[in-house]
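Asks: One letter stands for each residue in the lines below.
There are 2 protein chains.
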Amino acid sequence: MAAKLKRSPLAPEGFPSLPEIGGVSFATAAAGVRYGGRTDVMLARLAPGTAIAGVFTRSATRSSAVLDCQKKIAFHSEAGAAIVVNSGNANAFTGRHGEEALRAITTTVAETLGVPETRVFTSSTGVIGEKLPHERITARLAELRDSLSSGAIEAAARAIMTTDTFAKGAGAEIEIDGQPVRISGIAKGSGMIAPDMATMLVYIFTDAAIEQPILQTLVSALNATTFNCITVDGDTSTSDTLLVAATGASGIRVTEHSMAFMEGLRRVMLDLAQQVVRDGEGATKFVTVSVTGASSDADARTHALSIANSPLVKTAIAGEDPNWGRVVMAVGKSGAPADRDTLAIWFGDIPVARDGWVSPDYREEDAARYMKQPEITIHVDLGLGGGQAMVWTCDLTHGYIDINADYRS
Amino acid sequence: MAAKLKRSPLAPEGFPSLPEIGGVSFATAAAGVRYGGRTDVMLARLAPGTAIAGVFTRSATRSSAVLDCQKKIAFHSEAGAAIVVNSGNANAFTGRHGEEALRAITTTVAETLGVPETRVFTSSTGVIGEKLPHERITARLAELRDSLSSGAIEAAARAIMTTDTFAKGAGAEIEIDGQPVRISGIAKGSGMIAPDMATMLVYIFTDAAIEQPILQTLVSALNATTFNCITVDGDTSTSDTLLVAATGASGIRVTEHSMAFMEGLRRVMLDLAQQVVRDGEGATKFVTVSVTGASSDADARTHALSIANSPLVKTAIAGEDPNWGRVVMAVGKSGAPADRDTLAIWFGDIPVARDGWVSPDYREEDAARYMKQPEITIHVDLGLGGGQAMVWTCDLTHGYIDINADYRS
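In order, the protein sequence lines correspond to chains F and Z.
Take any residue in the first sequence, note its place counting from 1, add 5, and you have its number in the numbering used here.
Take any residue in the second sequence, note its place counting from 1, add 5, and you have its number in the numbering used here.
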């Protein structure tokens, strides 16, 4: 493992104080899967009756753990459940060894916690193509079970880090019918040294009582405007996993009509998603790309991602260069409809271009000053229709090259 | 303009000796469009009867020059023709000023050379969104006309460079019915400092006699496996232009059945396309990505471009890291069909992965040694069908960040 990375300049001040969620407890261990001197296994136990929903990578080469979670996610059960995550090894592209390692872990977790194997969800993150030393994990499970604690969510967030430069957490307390409902979540992404994929893992817990199909619908819908709207480098992991567990411990029933819960969950998901971007490899700028006036929302998203993934746009931002020509280029290449003569661009509040040319009162020194900020907004209006989208990304810097061109030794 | 870039380590030894093409003459001038102390305008005069075919960027924000060429390209005429190209300013996203500048140039070229305006093709490359000082170009046209020379193709290649680190030329002499036919071409791409888009401009000349519709069909078809198969950073220019002019001066008639001509033209196009990659911004490795066994050729191309454009693959190559997990990732995310368990990967001749895991006799030290070479081949077989594709790219290095994060001052 290479040298320790400096904490991202875009990181929050510290790990937030998160509400404890009844029905969830956490334990961590230093199992030495790959890393030394740090925790690398996280176990979460979920009370009987917990509903679990999930969203997973659509990669055609996704890992055994992801395939296994996908099989289990819609399976109805009132039994207790468990989530077990290791860092250091992604157990991806490891052929039948991958299935065997997965099975060894899920069987042992099920036996140790007394839950059905169909209710054991696992993730693995880290190097791919190497055999997961699963016995190092299973050997620690009894100890993990005995140290489960409802207050250990920050430790859990640390155990799932690979080369993240800070632990990521977000929470919300909302009121439903005057009663408190709590949401707490953790995420990892998107650093890598050891390497490999810039994997994103997210676990969110709530004490709301909610039926699994409703929770799944909600999570899938909210995912579309949160985690699915972030990009660091356009590369998609083999392991991306988002699990949301609702224990029901608050006794408050949430239905598909609960706007307060939906908004609370959305806020937690968006916060965690943006923290992943803030820890993007080598990132020095947090960038919001907002597209309006497209022919459809889907077209707006295509344009926004084309801008957010453009190496030329991202390097210009790294160089604090208000190089709006590259935004024009990214819109032009995206494949979605655009008309040069109705296109308008703003950097923050500064009108940069409109009607197919630079804005008449644009002064480059204003834009250059704006680009020096750590948080940048690029807004594009296509002047074609009502479609809109917003995505978040970071700049492309020497730090990214340092991290990713570093030889695995 | 920023400091002069070092010649690419992947550059050929020097500009090749190209066959002169009857019916074509070149002239260049230092018009001071943006750069000082170098030529920045190129004029090519084409004899009456020349057939001209072209392929252009599909960007929705393409430049006035591209739009104008597209309008003119299929227009039949036996009159003489001209190609005029300036570097330093792309005349893109400049609203009605762009059309005015274009019109001023094409009118003056037409008058000066005595050719119809519909036979004047222009390209502009360089900074976008800034008004093109067209009067600096038109003021030099009489002088350019008076210095036209059939041997000045290398000077022409130099005048169209922006931040290319070497002038690009390629040629072929073929025999048709025992008679010589010549092809000579020049290209620019894909450097930038000043900046902007990594524009690619290509001009190829031949003394073959060929009807325009046949030439156009041929050029479009060959473009699909040459210039359309290279990528430096996945960003698409607003100005990409490829023009092929057949003067007929050899007296040799070429039809759609002439395999020798087709192969000669393909060789010149591929050579120029690969030279563009060899001058990719910051490139230190020339990379061939070959995909076989896909469900269709289109799917193979999707996978190949996903690998070639992946920042994680490109940085691994820069770091001489045989990180085949990133190739698996890029195949998985491409969106085209893939099956983890039939996937096989080679680095050069070294079998790296097969049947969903690392190859049994893979030794990382062999692959690591292979990655130190300046020319790398990544071969992926999907094991699904007969679809195949080949694309060329370069690595992603600190040099790319240096060039593109550099502020335009």
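Hints are computed from structural coordinates only; laboratory data are not their basis.
Note that this is a predicted model, so its numbers are computed, not measured.
Some hints here could point you the wrong way.
What the hints assert, rightly or not - So the derived label-pair ranges between C-beta atoms look like this:
1. F:Leu72 to Z:Asp354: 29 to 39 Å
2. F:Ser225 to Z:Ala79: 46 to 56 Å
3. Z:Met264 to F:Arg108: 52 to 62 Å
4. F:Ser364 to Z:Arg63: 25 to 35 Å
The beta carbon of each residue, even a glycine, is placed where N, CA and C say it ideally should be.
Asks: All hints are to be evaluated individually against the structure, with a verdict given for each.
Replies: Results of checking the hints against the structure:
{"no.": "1", "hint": "F:Leu72 to Z:Asp354: 29 to 39 Å", "in the structure": "holds (32 Å)"}
{"no.": "2", "hint": "F:Ser225 to Z:Ala79: 46 to 56 Å", "in the structure": "holds (49 Å)"}
{"no.": "3", "hint": "Z:Met264 to F:Arg108: 52 to 62 Å", "in the structure": "holds (58 Å)"}
{"no.": "4", "hint": "F:Ser364 to Z:Arg63: 25 to 35 Å", "in the structure": "holds (27 Å)"}
Consistency with the previously given hints is maintained throughout, with no hint failing.
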